[in-house]
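There are 2 protein chains.
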Amino acid sequence: MLKAAVPEPLPRALTDELVELVGEDGVITDPSRLLVYESDALTAYRYLPRAIVFPATTEQAAGVLSALTSHGVAFVPRGAGTGLSGGALAVDGSVLVGTARMDRILELDPVGRLARVQAGVVNADLTAAARPHGLHYAPDPSSQSACTLGGNVAENAGGPHCLKYGVTARWVTGLTLVLPDGRVTELGGWGKEPPGFDLVGVVVGSEGCFGLVTEIEVRLLPTPAAVRTLLAIFEDVERAVAAVTDIIGSGLLPAALEIIDGETIWAVEASVFAAGIPVDAGAALVIEFDGTDAGLDSEAQRAEDYCLAAGARDVRRAGDDAEREALWKGRKKAFGAMGRIAPDLLVQDATVPRSKLPAVLHRIIEIGHEHGLRLANTFHAGDGNLHPKILFDRRDPEQVARVERASEEIMRVCVAAGGTITGEHGVGLDKRDYMTLVCSPVELDLMAGVKAVFDPRGLCNPGKVLPPPPETRG
Amino acid sequence: MLKAAVPEPLPRALTDELVELVGEDGVITDPSRLLVYESDALTAYRYLPRAIVFPATTEQAAGVLSALTSHGVAFVPRGAGTGLSGGALAVDGSVLVGTARMDRILELDPVGRLARVQAGVVNADLTAAARPHGLHYAPDPSSQSACTLGGNVAENAGGPHCLKYGVTARWVTGLTLVLPDGRVTELGGWGKEPPGFDLVGVVVGSEGCFGLVTEIEVRLLPTPAAVRTLLAIFEDVERAVAAVTDIIGSGLLPAALEIIDGETIWAVEASVFAAGIPVDAGAALVIEFDGTDAGLDSEAQRAEDYCLAAGARDVRRAGDDAEREALWKGRKKAFGAMGRIAPDLLVQDATVPRSKLPAVLHRIIEIGHEHGLRLANTFHAGDGNLHPKILFDRRDPEQVARVERASEEIMRVCVAAGGTITGEHGVGLDKRDYMTLVCSPVELDLMAGVKAVFDPRGLCNPGKVLPPPPETRG
Chain G
1 MLKAAVPEPL PRALTDELVE LVGEDGVITD PSRLLVYESD ALTAYRYLPR
51 AIVFPATTEQ AAGVLSALTS HGVAFVPRGA GTGLSGGALA VDGSVLVGTA
101 RMDRILELDP VGRLARVQAG VVNADLTAAA RPHGLHYAPD PSSQSACTLG
151 GNVAENAGGP HCLKYGVTAR WVTGLTLVLP DGRVTELGGW GKEPPGFDLV
201 GVVVGSEGCF GLVTEIEVRL LPTPAAVRTL LAIFEDVERA VAAVTDIIGS
251 GLLPAALEII DGETIWAVEA SVFAAGIPVD AGAALVIEFD GTDAGLDSEA
301 QRAEDYCLAA GARDVRRAGD DAEREALWKG RKKAFGAMGR IAPDLLVQDA
351 TVPRSKLPAV LHRIIEIGHE HGLRLANTFH AGDGNLHPKI LFDRRDPEQV
401 ARVERASEEI MRVCVAAGGT ITGEHGVGLD KRDYMTLVCS PVELDLMAGV
451 KAVFDPRGLC NPGKVLPPPP ETRG
Chain Z
1 MLKAAVPEPL PRALTDELVE LVGEDGVITD PSRLLVYESD ALTAYRYLPR
51 AIVFPATTEQ AAGVLSALTS HGVAFVPRGA GTGLSGGALA VDGSVLVGTA
101 RMDRILELDP VGRLARVQAG VVNADLTAAA RPHGLHYAPD PSSQSACTLG
151 GNVAENAGGP HCLKYGVTAR WVTGLTLVLP DGRVTELGGW GKEPPGFDLV
201 GVVVGSEGCF GLVTEIEVRL LPTPAAVRTL LAIFEDVERA VAAVTDIIGS
251 GLLPAALEII DGETIWAVEA SVFAAGIPVD AGAALVIEFD GTDAGLDSEA
301 QRAEDYCLAA GARDVRRAGD DAEREALWKG RKKAFGAMGR IAPDLLVQDA
351 TVPRSKLPAV LHRIIEIGHE HGLRLANTFH AGDGNLHPKI LFDRRDPEQV
401 ARVERASEEI MRVCVAAGGT ITGEHGVGLD KRDYMTLVCS PVELDLMAGV
451 KAVFDPRGLC NPGKVLPPPP ETRG
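Going down the list, the protein sequences come from chains G and Z. Just so you know, we're using my numbering here: the first sequence kicks off at 1 and counts up by one. Just so you know, we're using my numbering here: the second sequence kicks off at 1 and counts up by one.
In short, the hints are calculated from the structure, not lab data. Careful: at least some of the hints might be erroneous.
[Stated by the list, open to error] Here are some, though not all, of the chain Z residues that point toward chain G, as calculated from beta-carbon distances under 10 Å:
| # | residue |
| --- | --- |
| 1 | VAL19 |
| 2 | VAL22 |
| 3 | THR57 |
| 4 | LEU179 |
| 5 | ARG183 |
| 6 | PRO194 |
| 7 | GLY201 |
| 8 | SER250 |
| 9 | SER271 |
| 10 | VAL272 |
| 11 | GLY295 |
| 12 | ALA309 |
| 13 | LYS332 |
| 14 | THR422 |
| 15 | CYS439 |
| 16 | LYS451 |
[Unchecked claim] Here are the computed distance ranges between Cβ atoms for each label pair:
| # | chain 1 | residue 1 | chain 2 | residue 2 | range |
| --- | --- | --- | --- | --- | --- |
| 17 | Z | ILE105 | G | PRO358 | 24 to 32 Å |
| 18 | Z | GLY134 | G | PRO278 | 32 to 40 Å |
| 19 | Z | VAL19 | G | PRO358 | 38 to 46 Å |
| 20 | Z | THR57 | G | ALA226 | 44 to 52 Å |
| 21 | Z | LEU35 | G | ASP433 | 31 to 39 Å |
| 22 | Z | ALA359 | G | SER355 | 19 to 27 Å |
| 23 | G | GLN301 | Z | VAL279 | 29 to 37 Å |
| 24 | G | GLU20 | Z | PRO469 | 45 to 53 Å |
| 25 | Z | PRO132 | G | PRO278 | 35 to 43 Å |
| 26 | Z | ALA146 | G | PRO358 | 52 to 60 Å |
| 27 | G | ARG104 | Z | GLN301 | 36 to 44 Å |
Values in this document were obtained by computation on a predicted structure and should not be read as measured data. The C-beta atom is built at its ideal place from N, Cα and C for all residues, glycine as well.
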């Protein structure tokens, strides 16, 4: 976890060129004003950018990237900065290119169920705009009230309801991409599977390393006619996972299956977000079904029966929207509640086969104890996607070192269990060193080759995703 | 539509090397035995391969590709040869590498709902193997009783039920890829979103141009507990499309929405496949819902109401499996019925915005008349994916020329309506010249660049997907 010094200022000629393109108020170079962009939601790393530039259109973005590239200055696309893998950090004196001014919904076609938005549109704002038409945008990352569609595309973001609906890649049908050299291209478009090789597919999830996505076309989905939400309380995580396995094994397809562990319950109940979960419980499971009203009660009943058979102490069912919100509270406020206990919070992200969840979880809690760290877990149980959360204080370098060691051990445990190093947060800066745990040298070569097709000079989000070449590795 | 002469035989040393790798019976070089591989389901083109080689394992495949590449011999991956865009044809004296011996289901994990198969496993065989576990493989191309998973991955295949469940890309979680130089790499794996850039995503749909996929991991889906099938008869296609628009606009999500037009109805009813649809009908719409039993009757009733409101002459509902099969018959046998009328059938594939379907269809029928060609249409109406079928006799070069002109005009009409040149059959050989209608030069450059990362010598499925460079275009 490095902290870089104040980087060199931009060459005057480049700053002038950028101001010419986007206006005086679209370029920030004052280090004190840049401090707010020094980090992202992964607070462990800090890098002061040389500048941040805010283009408002694809044309302006093309001009900005072309100017930066012709000066040989590296740049990093940045949405709302809610990422958890350090992907939007301005390492090594990069310039940030922010999408905050590209916040317009360009088109919303209720009949075709498609929307075209600028990359800086906030995820929840798109759903709000679609709601009057009975539609919504399916991927719902926990940060959806702040995170942008551009960031979602970069990270191929998920969310609790992606168990049923799939992650971002499934919903994106077209992109406008500005290449690092300033060339602009449309990829895919207007709801169609793109012909030829699937460049939309490889740009989604490329973590801002292939250029700047300025416009995004997505499919919208009808808002479900009805919802049923349950909260089941268990003595321990094993029983909660057993219930999840039985529910999925039965052929039921809930929209969400979310577990919080005892440590998380304790933190939530000790906070202002208290959700009424007994503090001695070992796990709480949120189950949600959506669809046509007629079928949902029998689905909810079956899920409840599986929970009780797996040993649930209590199963609560929401009778209305207010109760539904209450049942979700423990899950949704877990992050905030933990964040209030310590100055810093590392939210990790890994995936393991569902059947390995209890064993992996046990080991993760042990790792926390071994390193003397406070640690809690929430997880998208249906997908086997774990989010261990480690509390720490970044002002204590010794503690930070323990967090780093614990974090690496957690990754190794997940990989050893047949899992992988990320579920939905991306590799970014934080996990590039772990890529060799899960990708072969040939696979890494191919990834580097594909990146070089889009970014031959290596100026776009350098130092992210791909591990440093072997000779430079620590 | 070219017909190549008998190609040069392979160098003796290479043939010996191939026989050494896969055995005497794994290499066919006799032109008379190669005739059966001269074409695919797009019967318009004929290219005799120099040989066909059948590796049984990834190791054998790696040896075969390495041998071919070191001799500078181009090769073409080939599954069951059911493709409709000429993607598996051995142009310019290529060698075919067939997957017929790689037909084993390697692992089926009912709890994790995953399967790992060799590339030559037939689509329907995977579903048959999964059925005892209450699972199935979702994508269901019309050729599913013959086509292979490897071919499905190459073409990113769809099928009637992809309206609800999505195409192949959504279900593939991992691949074993043999690169043209013989290197082997795993991409993704065991149900996880792959970390780093999404190479699985870009290999799916790469039409066999990036190497030979030998193993495939896919997600399986619970078999729906219940199904409701309806057949609605209309005077004309406009009314059928209006019903589809209303059904989708209402928020209902049918598993399938399939239309056949009057010409197709006529052909089916005149054939041994007669499905009991009035021959004077202008369109028939198959609607299917699946899911939990409780909700389905109300969904089916609402769909029926929309059909009647849109002017349906008659709506039939299946009471059991036999009746369900009868209602599907007109759609499922359309291909076969048309095929019996003429020696050759060109099944085209394009996508247009759903709202443009009636106008585009009118124009397509006119194009048929203008060129004196018999033409009928079936379409995945929910997706706006059209399949115009042109009857012809390839022995008549003048007729073949008319088919080619009509085919190109149809593509231009679809693109002008905001559509694209393929829905699910790929670009292959047939449509590479149309790529410039829908892809910008920058996009084509990027595609060529990505292909070169996997296949720097250009020996893997040459001449497919990408248009020839401008200076050589006709």
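Hints, one by one, checked against the model:
no., hint, verdict
1, VAL19, "violated (28 Å)"
2, VAL22, "violated (23 Å)"
3, THR57, "violated (18 Å)"
4, LEU179, "holds (7 Å)"
5, ARG183, "holds (5 Å)"
6, PRO194, "holds (7 Å)"
7, GLY201, "holds (3 Å)"
8, SER250, "holds (8 Å)"
9, SER271, "violated (31 Å)"
10, VAL272, "violated (34 Å)"
11, GLY295, "holds (3 Å)"
12, ALA309, "violated (17 Å)"
13, LYS332, "violated (23 Å)"
14, THR422, "holds (5 Å)"
15, CYS439, "holds (6 Å)"
16, LYS451, "holds (7 Å)"
17, ILE105/Z - PRO358/G: 24 to 32 Å, "holds (29 Å)"
18, GLY134/Z - PRO278/G: 32 to 40 Å, "holds (36 Å)"
19, VAL19/Z - PRO358/G: 38 to 46 Å, "violated (52 Å)"
20, THR57/Z - ALA226/G: 44 to 52 Å, "holds (50 Å)"
21, LEU35/Z - ASP433/G: 31 to 39 Å, "violated (55 Å)"
22, ALA359/Z - SER355/G: 19 to 27 Å, "violated (53 Å)"
23, GLN301/G - VAL279/Z: 29 to 37 Å, "violated (49 Å)"
24, GLU20/G - PRO469/Z: 45 to 53 Å, "violated (37 Å)"
25, PRO132/Z - PRO278/G: 35 to 43 Å, "holds (42 Å)"
26, ALA146/Z - PRO358/G: 52 to 60 Å, "violated (43 Å)"
27, ARG104/G - GLN301/Z: 36 to 44 Å, "holds (41 Å)"
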